[in-house]
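Chemist: Residues per chain, in single letters:
Number of protein chains: 2
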Amino acid sequence: MKKLINAVEDVVKEQLEGMALAHPELKVNYEPYYMCRADAPVKGKVAVISGGGSGHEPMHGGFVGKGMLDGACPGEVFTSPTPDQMYECAKAVDSGAGVLFIVKNYTGDVMNFEAAAELVAGEGVKVQNILIDDDVAVKDSLYTAGRRGVGTTVLAEKVVGAAAEEGYDLEQCADLCRKVNQYGRSFGVALTSCTVPAAGKPTFELGEDEVEMGIGIHGEPGTHRMPIKSVDEMTQYAAEQIIDDPAYSRTVREWDGEQWADKELTDEPFAKGDKVIAFVNSMGGTPVSELYAVYRKLDEVCRAKGLTIVRNLVGPYITSLEMQGFSITLLKADDEILKLWDAPASTPGFVR
Amino acid sequence: MKKLINAVEDVVKEQLEGMALAHPELKVNYEPYYMCRADAPVKGKVAVISGGGSGHEPMHGGFVGKGMLDGACPGEVFTSPTPDQMYECAKAVDSGAGVLFIVKNYTGDVMNFEAAAELVAGEGVKVQNILIDDDVAVKDSLYTAGRRGVGTTVLAEKVVGAAAEEGYDLEQCADLCRKVNQYGRSFGVALTSCTVPAAGKPTFELGEDEVEMGIGIHGEPGTHRMPIKSVDEMTQYAAEQIIDDPAYSRTVREWDGEQWADKELTDEPFAKGDKVIAFVNSMGGTPVSELYAVYRKLDEVCRAKGLTIVRNLVGPYITSLEMQGFSITLLKADDEILKLWDAPASTPGFVR
Chain A
41 MKKLINAVED
51 VVKEQLEGMA
61 LAHPELKVNY
71 EPYYMCRADA
81 PVKGKVAVIS
91 GGGSGHEPMH
101 GGFVGKGMLD
111 GACPGEVFTS
121 PTPDQMYECA
131 KAVDSGAGVL
141 FIVKNYTGDV
151 MNFEAAAELV
161 AGEGVKVQNI
171 LIDDDVAVKD
181 SLYTAGRRGV
191 GTTVLAEKVV
201 GAAAEEGYDL
211 EQCADLCRKV
221 NQYGRSFGVA
231 LTSCTVPAAG
241 KPTFELGEDE
251 VEMGIGIHGE
261 PGTHRMPIKS
271 VDEMTQYAAE
281 QIIDDPAYSR
291 TVREWDGEQW
301 ADKELTDEPF
311 AKGDKVIAFV
321 NSMGGTPVSE
331 LYAVYRKLDE
341 VCRAKGLTIV
351 RNLVGPYITS
361 LEMQGFSITL
371 LKADDEILKL
381 WDAPASTPGF
391 VR
Chain B
41 MKKLINAVED
51 VVKEQLEGMA
61 LAHPELKVNY
71 EPYYMCRADA
81 PVKGKVAVIS
91 GGGSGHEPMH
101 GGFVGKGMLD
111 GACPGEVFTS
121 PTPDQMYECA
131 KAVDSGAGVL
141 FIVKNYTGDV
151 MNFEAAAELV
161 AGEGVKVQNI
171 LIDDDVAVKD
181 SLYTAGRRGV
191 GTTVLAEKVV
201 GAAAEEGYDL
211 EQCADLCRKV
221 NQYGRSFGVA
231 LTSCTVPAAG
241 KPTFELGEDE
251 VEMGIGIHGE
261 PGTHRMPIKS
271 VDEMTQYAAE
281 QIIDDPAYSR
291 TVREWDGEQW
301 ADKELTDEPF
311 AKGDKVIAFV
321 NSMGGTPVSE
331 LYAVYRKLDE
341 VCRAKGLTIV
351 RNLVGPYITS
361 LEMQGFSITL
371 LKADDEILKL
381 WDAPASTPGF
391 VR
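Residue numbers (this note's numbering), protein chains in the order written: chain A, 41 to 392; chain B, 41 to 392.
There could be a bad hint or two in this list.
Each pair may be met inside one copy or between any two copies, as identical chains are not told apart.
[Stated by the list, open to error] Here are the simulated EDC-like pairs of lysine to aspartate or glutamate, each with C-alpha atoms no more than 20 angstroms apart in a straight line:
no. : residue 1 : residue 2
1   : LYS303    : ASP180
2   : LYS269    : GLU49
3   : LYS106    : ASP382
4   : LYS269    : GLU340
5   : LYS42     : GLU245
6   : LYS53     : GLU340
7   : LYS42     : GLU248
8   : LYS131    : GLU154
9   : LYS179    : ASP302
10  : LYS219    : GLU308
11  : LYS379    : GLU65
Bear in mind the hints are in silico, worked out from the structure with no lab data behind them.
Make the full structure from the sequences, and use the hints.
Modeler: This is the structure in structure tokens:
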């Protein structure tokens, strides 16, 4: 295992210490782990919090700052954070306007954010809990019931973060976050595996010329393996999985202020004439130059399908350690989303 | 070779096509290759141009935009661009205020930018040609006479780009760029090799637990190989190579408006009390999370040596394709440099 680390058990702590030193505009708490805007709580503003296993940087900690997240809760690498982290973080950033948890649909994250929501609600903090489940590759997986939460999370953190900054109240932030999730779809491709420091060996093995299609962000299995093809072929496949995905229905649980309530949600498929934000993401080990070859083909496929890319994001934003590969996220963009997408943001990992 | 590419001979062209589609604020020219601000020439403004082999993205093309470069000339992967690229680019962006070429000290780049300077000067364009030679690892190398030009190039493009935006004339831009180069020093470490598409196999081989210290940005040899050590040990070594580097003298050639003139330059070593900008760079395949472990130790070493980090940049900015590894650049920062560092910039690869 070749990594820039000291002792395996100190990896997350020391990376957080580096973040704290490099970014004094963040406050990093170590017991338990969370980071938040140093100027939090921001008076009158809904606090937006996310979190999840480490190893996906810059998401989430790198998106803490004006215009995006108020706080982030990092777990150990590829391991959910615990409810006490979310609880302490929420208490640190709540201004009285309430807290929105943006939760990627992984079983551990969902369970722990739900426990945290109950804890903070018990202390009178207004809280909402919105799931991101945008990965069209698999319905259920090793780590999930339903679709996994992947690239749309980054876009939701930008859009909802901007809305909170502009004065949306908690219910409006939750409604917007739900809409962004329903408008976003993703698909990922792995060229290589990655190595969790505590494991010391690759999470899975891929042959010399093999790729895994439909990969999640933890090296969990995708839909199939195949010999590597041209970037055009792989991009076309991924883009069509997203664009041709039919309506998707499921039941989600949301906190209604007093208890959990089931909600039926159906995401409508993309339609000709849709404007979209196109996000081409590196899984961590793929250089940005190669992402532009993906973008080139993605633009062509979108045009052929009647979609117009009106904004884009190209780079490593939701990663799987040093994994080589890419993911594509398309987000249907209405005027509200576009306006918020274009709003200023100032974080370690995203600046506008 | 696992890469997101189509035919090997189309790699650079198709990546440029992707850039052009994603960033309409840039104009990409294909015969010969260059990219420039779509709004160039900017009236009354000195035009800042850089270039070099592809494979180091986002540098240089990703730094074209307001507050940084007016134009960039990409060669094939790890191959110098040709004088006709620089000539056409310069003609496209010169507003009459002149053109500054920022040139990394690699033999091919130096030779071709010198030829281009003569060509544009022959047409009455004011031009200056400033070398970046900041790599303390090796004096001469496979590709260079004297020190290689590496990480300081990124910082120079930011600082000098801001100066040009603020109205510095050509001589002032050249003086500033020369100063930034003299104030900056870098050292790189490779954990893995990288594969040039046209070669199809890794540029060099490193053992399972081996790292190469003092690497350049093309996989050219460093100072020595050793078994991988802790990030603290590798960072301390790299930082001390930079901070303890003594005065460095050499002769550079600069265009004086009519002919080439030799200039003696001596870079003074860092001194206790210096303020510095610290740049921790990924070689492309190392995720940003690991860079923060480097930053953590770098901060400690700087403090111990009496240097104060007043600004930082952490991420993949000058890369070697998918190579894993890092480089450190320290730039002594006076008030002028700090003010320009903090100035706005709007490019695909760097936003402030």
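Chemist: Hint by hint, say whether it matches the structure.
Modeler: Quick rundown of the hints versus the structure:
1. LYS303 / ASP180: Classified as within: same-chain Cα gap 19 angstroms, cross-chain 67 angstroms, threshold 20 angstroms.
2. LYS269 / GLU49: Intra 38 angstroms, inter 16 angstroms, cutoff 20 angstroms: inter-copy only.
3. LYS106 / ASP382: both (14 angstroms within a copy, 17 angstroms between copies)
4. LYS269 / GLU340: within (18 angstroms within a copy, 46 angstroms between copies)
5. LYS42 / GLU245: Answer is both: 16 angstroms inside a copy and 14 angstroms across each meet the 20 angstroms cutoff.
6. LYS53 / GLU340: between (43 angstroms within a copy, 16 angstroms between copies)
7. LYS42 / GLU248: For LYS42 and GLU248, the Cα distance is within 20 angstroms both inside one copy (19 angstroms) and across copies (8 angstroms).
8. LYS131 / GLU154: Within. Shortest intra-copy distance 15 angstroms satisfies the 20 angstroms Cα cut-off; inter-copy 61 angstroms does not.
9. LYS179 / ASP302: within (19 angstroms within a copy, 67 angstroms between copies)
10. LYS219 / GLU308: within (11 angstroms within a copy, 57 angstroms between copies)
11. LYS379 / GLU65: between (26 angstroms within a copy, 19 angstroms between copies)
The structure meets every hint from the earlier list without exception.
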